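Using the hints, position chain B against chain A.
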Amino acid sequence: MLSRVADSLYWMSRYFERADNASRVLKATYSLILNPAKFSTEERWFRAVSALAPGAASNNVDPQRALFLLVADMEGDFSIVKCISGARENARQVREEISSEMWEHLNRLFHDVTGFELQPEDDAGAMRVVSLVREGSYRFNGITAATINHDEAWHFIQLGKYIERACNLCVMLDAYFVIGKHADDLDWLGLLSSCAAFEAYCKACTAELKPERIANFLLLKPEFPYSVRYSLDRMHEALTAISNLSLSRRTKNVERLIGRLRSMVAYVQIGEIIAGLHKYLAAIIEQCRELHAAVHDLYIEYPIEVAFQN
Amino acid sequence: MIIETDPSDRSGAKALHRYELAGAYDEMFSAVDHPRKQYRPLYNLLLNLGPDELRRSKYEADQSFFNQGITFTVYGSDKGTERIFPHDLLPRIITAVEWERIERGLTQRITALNLFLKDVYHDGKIIEDGVVPGSIVYTCKHYRREMRNVKVPRDVYITVVGTDLIRNPEGNFVVLEDNLRVPSGVSYMLTSRRVMKQIFPGLFQKCRVRPIEQYSQALLSTLRSLAPEGRSEPTVVLLTPGSYNSAYFEHTYLARQMGIELVEGRDLVVHDNAVYMRTTFGLQRVDVIYRRIDDDYLDPLVFENGSALGAVGLFNAYRAGNVAFANALGTGVADDKAVYAFVPKIIRYYLDQDPILEGVETLLMSDPGQRDHVCQKLDEYVVKAVGESGGYGMLIGPHSTEQERSEFRQKIYAQPRNYIAQPTINLSTAPCFVDGIIEPRHVDLRPYVLYGDKITVVPGGLTRVALRKGSLVVNSSQGGGSKDTWVLQN
Numbered sequence: 000m001l002s003r004v005a006d007s008l009y010w011m012s013r014y015f016e017r018a019d020n021a022s023r024v025l026k027a028t029y030s031l032i033l034n035p036a037k038f039s040t041e042e043r044w045f046r047a048v049s050a051l052a053p054g055a056a057s058n059n060v061d062p063q064r065a066l067f068l069l070v071a072d073m074e075g076d077f078s079i080v081k082c083i084s085g086a087r088e089n090a091r092q093v094r095e096e097i098s099s100e101m102w103e104h105l106n107r108l109f110h111d112v113t114g115f116e117l118q119p120e121d122d123a124g125a126m127r128v129v130s131l132v133r134e135g136s137y138r139f140n141g142i143t144a145a146t147i148n149h150d151e152a153w154h155f156i157q158l159g160k161y162i163e164r165a166c167n168l169c170v171m172l173d174a175y176f177v178i179g180k181h182a183d184d185l186d187w188l189g190l191l192s193s194c195a196a197f198e199a200y201c202k203a204c205t206a207e208l209k210p211e212r213i214a215n216f217l218l219l220k221p222e223f224p225y226s227v228r229y230s231l232d233r234m235h236e237a238l239t240a241i242s243n244l245s246l247s248r249r250t251k252n253v254e255r256l257i258g259r260l261r262s263m264v265a266y267v268q269i270g271e272i273i274a275g276l277h278k279y280l281a282a283i284i285e286q287c288r289e290l291h292a293a294v295h296d297l298y299i300e301y302p303i304e305v306a307f308q309n
Numbered sequence: 000m001i002i003e004t005d006p007s008d009r010s011g012a013k014a015l016h017r018y019e020l021a022g023a024y025d026e027m028f029s030a031v032d033h034p035r036k037q038y039r040p041l042y043n044l045l046l047n048l049g050p051d052e053l054r055r056s057k058y059e060a061d062q063s064f065f066n067q068g069i070t071f072t073v074y075g076s077d078k079g080t081e082r083i084f085p086h087d088l089l090p091r092i093i094t095a096v097e098w099e100r101i102e103r104g105l106t107q108r109i110t111a112l113n114l115f116l117k118d119v120y121h122d123g124k125i126i127e128d129g130v131v132p133g134s135i136v137y138t139c140k141h142y143r144r145e146m147r148n149v150k151v152p153r154d155v156y157i158t159v160v161g162t163d164l165i166r167n168p169e170g171n172f173v174v175l176e177d178n179l180r181v182p183s184g185v186s187y188m189l190t191s192r193r194v195m196k197q198i199f200p201g202l203f204q205k206c207r208v209r210p211i212e213q214y215s216q217a218l219l220s221t222l223r224s225l226a227p228e229g230r231s232e233p234t235v236v237l238l239t240p241g242s243y244n245s246a247y248f249e250h251t252y253l254a255r256q257m258g259i260e261l262v263e264g265r266d267l268v269v270h271d272n273a274v275y276m277r278t279t280f281g282l283q284r285v286d287v288i289y290r291r292i293d294d295d296y297l298d299p300l301v302f303e304n305g306s307a308l309g310a311v312g313l314f315n316a317y318r319a320g321n322v323a324f325a326n327a328l329g330t331g332v333a334d335d336k337a338v339y340a341f342v343p344k345i346i347r348y349y350l351d352q353d354p355i356l357e358g359v360e361t362l363l364m365s366d367p368g369q370r371d372h373v374c375q376k377l378d379e380y381v382v383k384a385v386g387e388s389g390g391y392g393m394l395i396g397p398h399s400t401e402q403e404r405s406e407f408r409q410k411i412y413a414q415p416r417n418y419i420a421q422p423t424i425n426l427s428t429a430p431c432f433v434d435g436i437i438e439p440r441h442v443d444l445r446p447y448v449l450y451g452d453k454i455t456v457v458p459g460g461l462t463r464v465a466l467r468k469g470s471l472v473v474n475s476s477q478g479g480g481s482k483d484t485w486v487l488q489n
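Protein sequence lines correspond, in order, to chains A and B.
Per numbering that gives the first Met the number 0, residue 0 is the first one in the first sequence, and the count goes up by one each step.
Per numbering that gives the first Met the number 0, residue 0 is the first one in the second sequence, and the count goes up by one each step.
These are calculated hints, taken from the structure and not from any lab test.
What you are looking at is a predicted structure, and each value in this text was computed from that prediction instead of being measured.
In this text, a Cβ means the ideal position worked out from N, Cα and C, and glycines have one as well.
This list has only true hints and no planted wrong ones.
To give a feel for the contact side, a few chain B residues facing chain A, derived at Cβ under 7 angstroms:
#, residue
1, R255
2, L261
3, V268
4, F280
So these bits of chain B aren't anywhere near chain A, every CB distance computed over 12 angstroms:
#, residue
5, K36
6, D118
7, D128
8, G129
9, R144
10, D154
11, P200
12, Q213
13, R347
14, Q352
15, I395
16, N425
17, G435
18, I454
19, N489
To be clear about the criterion: a stretch of chain A counts as covered by chain B if any three or more of its residues have a C-beta under 8 angstroms from a C-beta of chain B, and this derived list gives those stretches:
#, region
20, 2-9
21, 93-100
22, 294-306
For reference, chain A alone in the conformation it holds in the complex:
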């Protein structure tokens, strides 16, 4: 597969996952701020902005503008509309590589969310965009799984999706456990909903909302699709499949990085990490970054001298 194509598929998938994540968080946050609680609306929006747009977060988040900022702002790389545009733009570059069903669905979603021409303070409109993306994302993931060969292209799509998910989860856990201490039950409910995890959590741990248990569930649970552990496992699978296909490449460094990353979640217990959670999450994010760079150097923009040595 062409390196450029692999890169576009990877970013298509990352952007889409980013939009998906933002839509989950916003849906949960919006329903949360409708309730009175000891946390102010400002603090809740601050937490959402920290979780979704780490660069843009500051101490004075304007709650009137926060929703608009996260849904339709075209500056920065984080708003839902921007992410869907990014996903679609990458898909457009590789239209011949993805299925028509995928393209049609993504293209329609793009036209739907950009067609709103959202104005600030139009909360209802913003939430409409959020639900379009909520519905659209499950469908897109389903269509993708069902309509293309599960070959190299698929593995790059998986890699992009799960590296993005792992990072997003870490940033979100950080926002809830470190930045916004003293959360109450409602907030924990909000965190679980943000990860589409409430029902799955209840099944596994009952409805008793204990912070440590929640952290354990979202970080270390290998069976839950929106956990860090699950995401890293899928990344490992995808990278192994890609390297098995390209026998000639020097995949050692990438293998070392994904192995190290997985061991961070595979062999720890929550009690060992909960005290230093911020540092722990930051380390995972940093290692994801390193892995991303290593994959890029190996498969996408390798130096020509190296290619001729192989």
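Same frame as chain A, but now just chain B:
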């Protein structure tokens, strides 16, 4: 589709009732209410179809185009940059006898033009013998000095050709233009056929239409036949300028149909005069490039500086015979509109035959006598810039204003070599379904020819339609649309 109509409702006749023959040769009617033989099944169908049914079919066809993503890019607009290609519902039908002549004529013409290219870039005998003046050949905008004495695979310069034919008022097909550089539009021919089969299955079957679906296979095997020697399993790629190009849909479509990689310049690397593409498995050797990029942008080392569309070193790899281009570089010298005037002589010179397909009388503005004559009667002539295509840089005398004419007069005197003039030809008309009724519109015909180990003329082509009433300009960039073209079996 089963068409049910109330026999008392002869509204189909209404859709046709205002059909007037306006002097030009009409593809369907020899006289009002007298359809030509090959159009009778269509005529009978139209008599039984009301405007609403036609509208429904049109809607169905539009949807099908849209869902298949058959779109072209509109430049200069930020959002919704893709539009469906305007098309007309009614097929254009060509008889087996007519087609047989077109096929022979095109084969003859392409063979001669290819010999001309080889001669021009090697010995220049035709110039030495005074048949085509060197002053015309060497001043062509698309003459490529760099191609002198470059050996191209199989001596085939023009692999993919889309020749524009028109039908004159006498009913004969004549050649209007040779497109020998990077002709486009073939994807519309293929996709509109698919749609038409859905919309008019019964009619299609009744007419016994020759298939065109084999085009992609024919193109692939033609391209493979150009591979450098010793490359038994050649890698063929399609080189596109990228997703912002107006023909990007066609590039993706053809690449997918042929199962080859669609590459951009930045995917290619030249090393030791061999071309590679960057893949996740490492560098992979490329043998044949079906390039949809103009000569000037292929290699910044040799041509247009600063172009990021091609790849550095491509031309040297080509010159070394390690990679083939389709089409070869410098083929624009043979579709220059001034050289066009000499094509009958070119055919006689190389093949010692009379041309089967005539051309249009062409006056060279570099000739002082012809220039003065034309400039006095600009309102009767069509003036074209010699190196342009797509309907740009053109004056249609009878439809022009005094101001446009005086502007062109100045341009002609300033750069006479850059212009030719042709008498205004009333292109043939064909029935088109426009705004609820059927009316005549001017059409041309672009058949596609492939030249590799042999010459293949695909039985069909793109019938382009000037959708504006009375307009003679069929280019898609100027408000033209298309029709499916049915070539009938014997």
